[in-house]
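The task is simple: from the sequences and hints, build the whole structure.
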Amino acid sequence: MKKHNHDDFDGFMVNVFFDEDGDYLAHLVELPNVSAFGPTPAKALDELKTAWELMKECYQEDGEPIPKPPSRVGYEGPFNVPIDEQLYHALADEASKAEMSLYALVAQKLKSTIPTLKKDRR
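For the sequence shown, the tail end lands on 1213 under the numbering used here, and the numbers increase by one without skipping.
Since the hints were made in silico from the structure, they are not lab data.
Please note that a few of the clues may not be correct.
Below, simulated BS3-like cross-link-like pairs (lysine-lysine); rule was C-alpha separation at most 30 Å, straight line [unchecked claim]:
id: 1; residue 1: K1188; residue 2: K1159
id: 2; residue 1: K1140; residue 2: K1159
id: 3; residue 1: K1159; residue 2: K1202
id: 4; residue 1: K1200; residue 2: K1188
id: 5; residue 1: K1147; residue 2: K1159
id: 6; residue 1: K1188; residue 2: K1202
id: 7; residue 1: K1147; residue 2: K1188
id: 8; residue 1: K1147; residue 2: K1134
Here it is as structure tokens:
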């Protein structure tokens, strides 16, 4: 079986499942219209790779930008999350004791809950 990695699909997440017709369906999660079938998961992935390459050619021929997966789009900056007063005070107190800003503490706590971000990638 040929190994496919995340970069074979430019960072898009891939889903492969057995369908009711007895074939395997592979598709790009963020672009579900890019899909392919095969008698085995490996063949479905090979066909999906071909379908994705052809789709990228179509984008280029039409002068359209090739979509980027959400995981490769740069996001950084503030966002507001309403929290109750008790939680706010508990976080502010913890941040003060750790001698860090409230924003840094919350960012650290959020980062620690996401498996792919647990190790620092800087």
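*Could you grab the alpha-carbon distance between K1147 and K1159 and see if it respects the 30 Å cut-off?*
Judged against 30 Å, a Cα distance of about 11 Å means the pair holds.
_Hint check: K1147 vs K1188, CA-CA at most 30 Å. Holds or violated?_
52 Å, violated
*Mind checking the alpha carbons of K1200 and K1188 for me, to see if they're no more than 30 Å apart?*
Roughly 15 Å between the alpha carbons, so the hint for K1200 and K1188 holds.
*Compare the distance between the alpha carbons of K1147 and K1134 with 30 Å, and conclude whether the hinted pair is satisfied.*
Given pair K1147, K1134 holds - Cα atoms ~20 Å apart, limit 30 Å.
*Agreement of K1140 and K1159 with the hint, judged by alpha carbon distance not exceeding 30 Å*: 16 Å, holds
_Satisfaction of hint between K1159 and K1188, Cα-Cα up to 30 Å_ = Roughly 41 Å between the alpha carbons, so the hint for K1188 and K1159 is violated.
*Can the restraint linking K1188 and K1202 be considered satisfied, given a maximum Cα separation of 30 Å?*
20 Å, holds
*For the pair supplied as a hint, K1159 and K1202, is the alpha-carbon distance within the 30 Å limit?*
The given pair, whose Cα atoms are some 23 Å apart, holds under the 30 Å limit.
Of the numbered hints stated above, those contradicted by the structure are hints 1, 7, listed in ascending order.
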